[in-house]
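Participant: Residue numbers (this note's numbering), protein chains in the order written: chain A, 2 to 247; chain B, 3 to 463.
For the record, the hints were derived by calculation from the structure and aren't laboratory data.
Don't take each hint at face value.
Claimed, not checked - Straight-line alpha carbon distances no greater than 20 Å define the calculated DMTMM-like cross-link-like pairs of lysine to aspartate or glutamate that follow: (1) A:K165 with B:E168; (2) B:K223 with B:E253; (3) A:K165 with B:E253.
Unchecked claim - Listed next, the stretches of chain A that the computed footprint assigns to chain B, with coverage defined by at least 3 CB atoms under 8 Å from CB atoms of chain B: (4) 173-179; (5) 235-246.
Unchecked claim - Below, a sample of chain B positions facing chain A; criterion: calculated Cβ distance under 7 Å: (6) D50; (7) V55; (8) M62; (9) G77; (10) M161; (11) E168; (12) I348; (13) P350; (14) N351.
Where is the CB? At the ideal position from N, CA and C, for every residue including glycine.
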Amino acid sequence: MRIALLADIHANLEALDACLAHAAAQGAGRLVFLGDLVGYGANPVEVTARVRELAAGGAIVLRGNHDEAALTGPHNFSKLAAAAIRWTSTQLTPDARDFLAGLPISHEEEDRLYVHSEGSDPERWIYVTDATAARVSLEATEARLTFCGHTHSPALFGLTATEKLVAHRPAPDLMLPLLQPRRWLAVMGAVGQPRDGNPAACYGLLDTGASECAWMRVPYDIATAAQKIRAAGLPEFLAERLFTGT
Amino acid sequence: MNAPVLIAGFTLGPVVHRGGMAVLREVTHPDHPGPLLMKMPKLAEGEDPAAIVSFEMEQMILPRLTGPHVPKCYGTGHEPTPWIVMERIGGGSLLPMLKRLPRGADEVAALAAATADALDGLHRQGVVHLDVKPSNILRRGTEDGPMVLVDFGLSRAAMLPDLMEEEFRLPYGTAPYMAPEQIMGIRGDPASDLFALGVLMYFFVTGRRPFGDPQRMAELKERIWSDPVPPRALAPECPPWLQEVILRCLEPAPERRPASAAQLAFDLRNPEAVALGPRAEKLRRDPWSKRIQRRFHPDFQPQLRRKAAALPQRDAPIVAVALDLDDMSKEMSAALLDMVARLLAIRPNARVACLNVLRTNLLRPDNTLDREGRNKHVQRLLELRHWSAPLALPEYRLTHHVLEAVSAGGAILEYASQNRVDHLILGAKAGGITQRVLGSIPAEVARDAPCSVTIVRVREF
Chain A
2 MRIALLADIH ANLEALDACL AHAAAQGAGR LVFLGDLVGY GANPVEVTAR
52 VRELAAGGAI VLRGNHDEAA LTGPHNFSKL AAAAIRWTST QLTPDARDFL
102 AGLPISHEEE DRLYVHSEGS DPERWIYVTD ATAARVSLEA TEARLTFCGH
152 THSPALFGLT ATEKLVAHRP APDLMLPLLQ PRRWLAVMGA VGQPRDGNPA
202 ACYGLLDTGA SECAWMRVPY DIATAAQKIR AAGLPEFLAE RLFTGT
Chain B
3 MNAPVLIAGF TLGPVVHRGG MAVLREVTHP DHPGPLLMKM PKLAEGEDPA
53 AIVSFEMEQM ILPRLTGPHV PKCYGTGHEP TPWIVMERIG GGSLLPMLKR
103 LPRGADEVAA LAAATADALD GLHRQGVVHL DVKPSNILRR GTEDGPMVLV
153 DFGLSRAAML PDLMEEEFRL PYGTAPYMAP EQIMGIRGDP ASDLFALGVL
203 MYFFVTGRRP FGDPQRMAEL KERIWSDPVP PRALAPECPP WLQEVILRCL
253 EPAPERRPAS AAQLAFDLRN PEAVALGPRA EKLRRDPWSK RIQRRFHPDF
303 QPQLRRKAAA LPQRDAPIVA VALDLDDMSK EMSAALLDMV ARLLAIRPNA
353 RVACLNVLRT NLLRPDNTLD REGRNKHVQR LLELRHWSAP LALPEYRLTH
403 HVLEAVSAGG AILEYASQNR VDHLILGAKA GGITQRVLGS IPAEVARDAP
453 CSVTIVRVRE F
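Let the hints inform the model, and build the full structure from the sequences given.
Facilitator: Here you go:
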């Protein structure tokens, strides 16, 4: 089975729609949303509604730190993120709030763990940006495969047969082996606000039969997403960064 | 009689080889007729635990490789023990040849050219082998069959996680063949494979390994500053051009070696086009003072910088430009030159082969024309050189070839395929009666070429 893994949509409806269409064309039979549906972008209500619909159809949806902050207020947020989350908070409908409030922090199925930040202490929202953090997460859980988001930068970490931890930066659109019986932690890039220098939306495509995963890159209508951010009166940089993927 | 043992549908046969790190068995499968091998790592107590890491690296790389220069992979798995099933290559490895060294220059050049083809096939897929040696080079089928590289346990694939990266009890590799940068733990430079092939050529031509078979790190590192005895000092019949090629491969700094495996193969197949430098004439090692300088003086030490991992040598293409010297306007000549110059501007390591086809008439061989024909050949070489002079390329990046053939298109196509040309450039033909009757050469070449083709046309109005 092919599973689409969508992290960090951040209220970017254009990017979400482009990725969903792309994943459908790739034969993804299951959707997993790895948290941060809202924050930064201009369509928190529309994105939440879309994902809620998909959840009703069986998609797995997890909570991210921005989803939490939209309900409880920003803690340890940058100025930009805090400004955006306060605006988001004023936009959310009661339905959207209910939906976000009910999201679980992680989900396990078969040999896979899905979580927004990482596996060792998901609610501390630790970023997996290096091998040390990846090792902490891998050693804290039993799952063979961990899929997370949160950093907005694609990365793959693996534990070798001699317990060494290797780090790899996945190239776009290329199926990589998550070799059995080794353990892997895959950090998906962001659907709605990529920060790895590539402005194309990023989502993960997992083939469970072959145990392979690809970081797909999808072009989307950045101009419209950015124009909406400006129209909403959100900080200009949140619009600008979409064009450069930074 | 015991029931046959099956793994994932493969029936296990006898063990055919026990290597240092793995065992090979014959296997059969009802869906795959060909002779097959199953490779399994040695997992016993006391074996190097890195052997399994290396085996898993091969499990990731081999299924992703294609082409005639690698064994086809039929599956991998990890139950009940890790395994890979691959095609069994018929022709055997180069290892038995070590019993009858030295070998003649022509034989070594042909062997090395075929091996460089295989390396080119691998490097184009973003993989550096990193353990090129006679036992890992097999002949597919008969004597003229392509070379096949086996054992990717130490290889580095640019697109895949490098499981061996963190195995610090480096260096992993085979001591006599290992490139200096590999000794320093740099994995992923395609030039490392060219160094190993240089060692192999040296060994086959002279019967001696250029750097011996060192076992300790300090001895291994000697090749970084200590140059080998020139091959011609040991094997006087080794031609200067082959020594030039071998010593170029053995340069300690990777960027001083041939720019790609395809360019090395090109040199090995076109001896007359090899630019002979001081390396070709050398009959002794560098003086003691120079070696000491390279060893201790920071300004003279070869630079072994860490490059971005395993970049395929895409920036070093072979560009061939075909010139119709009999019928080429000034404008066309300038336009072709401009096109080549533009390609060189974006591909700084490209090399250029200038071609002209001298038509021969097989139906009416005429011995009296022999002398004139030979003069024609020389004259055309001069014209090619005259045309290419404005490119101002160093000799080793620019070659000139007059091909004698009945069909110009066929000769250009054959040249492109034999020399692994990446890009062909030709001038368009003005439409004329012959073209309408015979079809145009550029069209034929564009249709059948094994590479990209650019047709240059002069805009008239």
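Participant: Tell me, in ascending order, the numbers of any earlier hints that this structure violates.
Facilitator: 3, 5, 6, 9, 12, 13 and 14
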